Amino acid sequence: GQSLEQPSEVTAVEGAIVQINCTYQTSGFYGLSWYQQHDGGAPTFLSYNGLDGLEETGRFSSFLSRSDSYGYLLLQELQMKDSASYFCAVRDFYNTNAGKSTFGDGTTLTVKP
Amino acid sequence: NAGVTQTPKFRVLKTGQSMTLLCAQDMNHEYMYWYRQDPGMGLRLIHYSVGEGTTAKGEVPDGYNVSRLKKQNFLLGLESAAPSQTSVYFCASSYSGLETGELFFGEGSRLTVL
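Protein chains in written order, with our numbering: chain H, 1472 to 1584; chain C, 568 to 681.
Be a bit skeptical, because a hint or two may be false.
To be verified - Computed footprint of chain C on chain H, listed as stretches where at least three residues anywhere in the stretch have a Cβ under 8 Å from a Cβ of chain C:
| hint | segment |
| --- | --- |
| 1 | 1511-1521 |
| 2 | 1540-1553 |
Unchecked claim - Chain C residues, not near chain H, derived (Cβ > 10 Å throughout):
| hint | residue |
| --- | --- |
| 3 | Thr-574 |
| 4 | Arg-578 |
| 5 | Thr-587 |
| 6 | Leu-612 |
| 7 | Gln-639 |
| 8 | Thr-667 |
| 9 | Leu-670 |
| 10 | Gly-673 |
Rather than coming from a laboratory, the hints here were simulated on the basis of the structure.
For clarity, every value in this text was computed on a predicted model and none was experimentally measured.
Where is the CB? At the ideal position from N, CA and C, for every residue including glycine.
With the sequences and hints as input, model every part of the structure.
Written out as structure tokens, the structure is:
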């Protein structure tokens, strides 16, 4: 099976940098994704790491170390609108080649003025 | 493009009643998924489909059935609703193959079982 661990809550101030960690245990690992979800809304895709290293998309970056089964999401220049829940998700393939994503329980980020 | 559309958005059922949630996508995606999300938790996969006419069980399939008669539609059925099925249900779709696997989500269907 799959299991993912991420902190339940993180608080930071506007303009700061915050890192949300994710460790995972899985079989057939293919990649690690990050999603953002505002209260009452649908999850939206932020980034994906299939290979080790850093991926940068604007103010957001995501990192993966496959050997450590570890990744993180880095949010820079925090804005109030970044207050949301952030989920890491492991994408895996089984012998049927059916790609599925398993989600962590999410990290609630609160950005304070 | 509408993306992924779920109907209904809200529903209240009594224990033992049945209902069907409809998910429609207009992106020609092969893969479709049904997740449930309980308060303060992540999304748990109920059932998924890798193409028209195919379905498979996810992490928490008990009490649910699905059908994918047309590529663009994925139906989730509850035959005999239970209070434990009170949740927010999200449908998602994605491209197949070895891309990023980005999931495109609908806005959710909020179900309360009394």
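Structure-based check of each hint:
no., hint, in the structure
1, 1511-1521, "holds (count 7)"
2, 1540-1553, "violated (count 0)"
3, Thr-574, "holds, 14 Å"
4, Arg-578, "holds, 16 Å"
5, Thr-587, "holds, 20 Å"
6, Leu-612, "violated, 6 Å"
7, Gln-639, "holds, 18 Å"
8, Thr-667, "violated, 4 Å"
9, Leu-670, "violated, 6 Å"
10, Gly-673, "violated, 6 Å"
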